[in-house]
Amino acid sequence: MKALFLSMLILLCVSFGDEYVVISNQNMKELSTNQIKAIFLKKALLIDDVQAVPINLEAMDSIRLKFEQDILNMNFSRLKSYWTTQHYLGHRPPLTMKSQESVKSFVKKVDGAIGYINAQNIDESVKVIYRWRD
Amino acid sequence: MKKIIFIFILTLSLYAKENSYELGKGFQIPSLPFYVGAYMSLDYKNMTNENIYRIDDLAVLGYGDYDKFSYMAEVEYKEFLSKTYKGDESYISRDMQLHIERVYIDYNYNENYMFRIGKYNSPIGFWNLLPVNVLKQTTSNPISTNIIYPKFTTGGGLSYSSFNEGELKIELLLQESVDLDDEYNNYKINQHYGISTLYEKDEYSLKFNSGYFHRIEDNISEDKLYYLLLSAKYETENYQLLSEIGYQQSSTQITTPYAGYIQWLYRFTEQHLGALRFEAYDDNMNKKKDEIGILSYTYRPSYPIAIKSEYQLHSISQENQILFSFSVLF
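Chains A and B are the protein sequences, given in the same order. Residue numbering for the first sequence follows our numbering, starting at 1 and increasing by one per position. Residue numbering for the second sequence follows our numbering, starting at 1001 and increasing by one per position.
Since the hints were derived computationally from the structure, they do not count as laboratory data. Everything hinted at is true.
To give an idea of the interface, some chain A residues facing chain B are shown, with a C-beta separation under 8 Å as derived from the structure:
1. 34
2. 35
3. 38
4. 44
5. 75
6. 77
7. 78
8. 85
Pairs of lysine to aspartate or glutamate residues, derived as DMTMM-like cross-links and limited to a Cα-Cα distance of at most 25 Å, are as follows:
9. 80/A x 1202/B
10. 37/A x 1235/B
11. 1068/B x 30/A
12. 29/A x 70/A
If we take Cβ atoms under 8 Å as the criterion, some of the chain A residues that face chain B in the derived model are:
13. 32
14. 43
15. 80
16. 81
17. 84
18. 87
19. 88
20. 90
21. 92
No experiment lies behind these values; they were computed from the predicted model shown. Every residue gets a Cβ at the ideal spot worked out from N, C-alpha and C, and that includes glycine.
So here's chain B without its partners, still in its complex pose:
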């Protein structure tokens, strides 16, 4: 924790000598092609049998570009401190390990092709590309974004982009090693191959994703998994409609017949936003099936600051919950 605060304060003080700082835009290390930012998130969850207060994300990120190269590094404390109240009891848990969330270098070969090497957010669907609280529309993540595919990939990537009638982007991802930080991924894997195809035109975006990954956790019945995910987005100045539906199977059985959501976001004003989400999933590996209705309100006094509240109504009624969060991007 001291390390992360030290790095951030040092770079901020270097920067402050020469420039003015604007929230949500990070700052440049003077005279270097290197920018530094950070984000944090606090949240509170109220369930039927327990209440949890957390300092969740504390992260520092640095990035820049030089000639045809660009680079990104991000380290994070996840669930840094939490206090849980269960009946008459309460306990505190801490995770003091600094995790590597992203470290990669991009090489832009020409206007169409880009190569990537390192650990990065798997470019699957829309939600997984912006997984931090302050940038999301709700405090919680849809379940489908956690059970269908690995959130992070460590290895190589290749993308092709073209901007003619609309935007076409095809991305290939390849992992043939263990994760750079396997504590910080939803699946422990040593192989991941995937393809994602995005087409965007005017207000519409459509993305098709598929892939294979190999799990290396102990005591699992299915280690080779294949997935499909279809994502669609329609966005105007005032509202956004977002939907993703996925499927996963092993070589012997269907592990997730379906997991998906549809979310409607409405911008009442620049500061006030409301979201309504319906989710459903059937997870055979964890033997869990649920349908969830979510109502959320977000207040953004400025875009890089989000104060959110959310109510979740589950078909498994003991999972009903209320969430509040406060998050900032520096």
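Bound-form chain A, shown alone:
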């Protein structure tokens, strides 16, 4: 019985790991993960005729690292080399913001802006376009 209880507890902990969301303002259309990836890698520059403005959290922020690993499928060093290469090709990395609160308020105001935060911090002012879990 104890073993069953323990395994259920472990299972619950695993399935209720932190949840994260990619957010934009209410005017943004639905996006696939590949489209989100293309926006953050500056391969897709417009969405519905509006300039896409991807927003990153700071370089070593744990949510940013998860986003890069899970959505972009690239680790920190590969992204460093990617952006060096993009400098030669004429593209700049996304803007960086210090806090999830700043990302949320920027995204709320700017059409085409897209960022990611912890799901606990969402409210009705932003649109969730993708969810993922640890």
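Following the hints, put chain B in place on chain A, whose structure we already have.
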């Protein structure tokens, strides 16, 4: 040379007043949507009969975007200074001409279509898009990237991109004039039409390219050339497998029955990388056929700095060579 250094120092000093600089990312001209960068490369080649020391690339690039437009300009000194030792003799050669490598404007019509006008790297294969020493995996370029197609196109371009299940990108290139700087291209041409289709999904990328170009050099037997190039890439965190194979013919004969390579890159750590490449080509126009095995090691103390060594073993044994290079992207 003075011009290029002056431009770079002026913009760097303007920038330094307001911001901190990070190597390999260039800098923004304050208050303007304009970024400036530069790169340089030094190399040494040791062959059976000669040794060559070179200051090869010295280049400045500027780019930016405004609304739906983006722009890029790059000027470069190529083989700026070289000293060759051949037996007991030695000589120095200089090329003081500032070449136009790229100048173009892009217009993003919507999320799928983009138009381009100007001089740009022909979007053929993977290697040709990143032709500068510091970004390449080896100091040398595969021969196939030099003999199958024109490296640069001056004219228009149209691309279609879609990001659904995977990434699909189709690019059309069109040249109907002389090159903006025909000294700075592997072929002197006045026509180039091509199409490139890229499909990328997860770790896999596949690209199919074909085209036609018209050469305008004197004393050539074949001036109308058609090419095909198939490129494939598989990339993970630790390694990359890259291969390109091409074919070229004129209206009367096969000029290059095959030219290709397969390269395996392994990232031991972020700083230490090894590459192994096998190349083969048969160039009927220059009556040359060779098979080459290449072993290369690169040390990157930081990604925008590359210190490379390379050994090439050729089936034409007098072409065996050792290469060293040092390159930086600013």
